[in-house]
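Chemist: These are the residues of each chain, in order.
Protein chains: 2
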Amino acid sequence: MKARVHVTLKNGVLDPQGAAVAHSLGALGFDGVNDVRQGKVIELDLAETDKAAAEASVKQMCEKLLANTVIENYSVEIL
Amino acid sequence: MKARVHVTLKNGVLDPQGAAVAHSLGALGFDGVNDVRQGKVIELDLAETDKAAAEASVKQMCEKLLANTVIENYSVEIL
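Going down the list, the protein sequences come from chains S and X. One point on numbering: in my numbering, the residue at position 21 of the first sequence is 550, and numbering is uninterrupted. One point on numbering: in my numbering, the residue at position 60 of the second sequence is 589, and numbering is uninterrupted.
One chain only, chain S, in its complex shape (with noise of 0.2 Å):
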């Protein structure tokens, strides 16, 4: 079973790489860019097969190690 995890800072937190982007798709000529944010997508392959306990699985995964809460929103999906 694939499930796909999606890691983004929470509002108000400084994301220093997406204003990167930002600057830098200014520089190449992009207009209109009001804002971007930048975060990771981690996509696992279990050998579960039961959808309700993968995903179970998988919060717990995202809270012991692949967000950090303090800072970041995390969303599961079940593939």
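Rather than coming from a laboratory, the hints here were simulated on the basis of the structure. What you are looking at is a predicted structure, and each value in this text was computed from that prediction instead of being measured. A portion of the hints provided could be inaccurate.
For identical chains, the list gives no copy identity; a pair is met inside one copy or between any two copies.
Below, a list of computed lysine to aspartate or glutamate pairs in the DMTMM-like style, where the Cα atoms sit at most 20 Å apart [unchecked claim]: (1) K593 with E606; (2) K539 with D564; (3) K580 with D564; (4) K593 with D560; (5) K569 with D544; (6) K580 with D560; (7) K531 with D544; (8) K539 with E601; (9) K569 with E601; (10) K588 with D574; (11) K531 with D564; (12) K588 with D564; (13) K531 with E572; (14) K569 with E606; (15) K531 with D560; (16) K588 with D560; (17) K588 with E601; (18) K580 with E606; (19) K539 with D574; (20) K531 with E592; (21) K593 with D564; (22) K531 with E584; (23) K588 with E606.
Since the structure of chain S is already known, use the hints to place chain X on it.
Modeler: Okay, now just chain X, sitting in the frame of chain S:
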């Protein structure tokens, strides 16, 4: 208009970040993780209001800056 871009390594390209995450998950006691791939997600807030024009513009951004098309795939989603 908001757009979301996923940038992931192509199949066959070594992913040391993903391998490190897989190793750490194993060390934390999460069994049954066959494979982990890590990519980037970039969320753009655009001034453009036409959906087709926004998508074309974001694809150009991917080709020119956001993705290294030699080793990475990208997908664009207009929200």
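Chemist: Against this structure, judge whether each hint is valid.
Modeler: Now for the hints, and whether the structure bears them out:
1. Within a single copy, K593 and E606 get their C-alpha atoms as close as 17 Å, which meets the 20 Å cut-off; across copies the closest is 29 Å, which misses it.
2. Only within a single protomer do K539 and D564 lie at most 20 Å apart by alpha-carbon distance; the minimum there is 14 Å, versus 27 Å between protomers.
3. Within a single copy, K580 and D564 get their C-alpha atoms only as close as 35 Å, which misses the 20 Å cut-off; across copies the closest is 17 Å, which meets it.
4. Within a single copy, K593 and D560 get their C-alpha atoms only as close as 40 Å, which misses the 20 Å cut-off; across copies the closest is 14 Å, which meets it.
5. With identical chains, the CA atoms of K569 and D544 are at most 20 Å apart both within one copy (13 Å) and between copies (14 Å).
6. With identical chains, the CA atoms of K580 and D560 are at most 20 Å apart between copies only, with a shortest distance of 16 Å across copies and 43 Å within one.
7. Taking identical chains as interchangeable, the C-alpha atoms of K531 and D544 lie at most 20 Å apart only when they sit on different chains, with a minimum of 17 Å there against 29 Å within one chain.
8. For the homomeric pair K539 and E601, the shortest alpha-carbon distance inside one copy (5 Å) is at most 20 Å, but the shortest distance between copies (26 Å) is not.
9. For a Cα distance limit of 20 Å, the shortest separation of K569 from E601 qualifies both inside one copy, at 10 Å, and across copies, at 14 Å.
10. Taking the shortest alpha-carbon separations for K588 and D574, only the intra-copy value of 14 Å comes in at or below 20 Å, while the best inter-copy value is 28 Å.
11. Taking the closest pair of Cα atoms, K531 and D564 come within 20 Å of each other only across two copies (9 Å); inside a single copy the shortest separation is 31 Å, beyond that limit.
12. In this assembly of identical chains, K588 and D564 lie within 20 Å of each other by CA distance solely across copies; the values are 17 Å between and 29 Å within a copy.
13. Proximity of K531 to E572 under the C-alpha cut-off of 20 Å is restricted to the intra-copy arrangement: shortest distance 7 Å within a copy versus 23 Å between copies.
14. With identical chains, the CA atoms of K569 and E606 are at most 20 Å apart both within one copy (14 Å) and between copies (16 Å).
15. For a Cα distance limit of 20 Å, the shortest separation of K531 from D560 across copies, 15 Å, qualifies, whereas the shortest one inside one copy, 37 Å, does not.
16. Taking the shortest Cα distances, K588 and D560 sit within 20 Å of each other only across copies (14 Å), while inside one copy they are farther apart (38 Å).
17. For the identical chains of this complex, K588 and E601 are intra-copy neighbours only, at 14 Å inside a copy versus 27 Å across copies, given an alpha-carbon limit of 20 Å.
18. In this homomeric assembly, K580 and E606 come within 20 Å of each other (Cα to Cα) only inside a single copy, at 10 Å, whereas the closest approach across copies is 25 Å.
19. Proximity of K539 to D574 under the C-alpha cut-off of 20 Å is restricted to the inter-copy arrangement: shortest distance 16 Å between copies versus 26 Å within a copy.
20. Taking the shortest alpha-carbon separations for K531 and E592, only the intra-copy value of 18 Å comes in at or below 20 Å, while the best inter-copy value is 28 Å.
21. With identical chains, the CA atoms of K593 and D564 are at most 20 Å apart between copies only, with a shortest distance of 18 Å across copies and 30 Å within one.
22. Taking the shortest alpha-carbon separations for K531 and E584, only the intra-copy value of 10 Å comes in at or below 20 Å, while the best inter-copy value is 27 Å.
23. Only within a single protomer do K588 and E606 lie at most 20 Å apart by alpha-carbon distance; the minimum there is 10 Å, versus 24 Å between protomers.
The earlier numbered hints are all upheld by this structure, with none contradicted.
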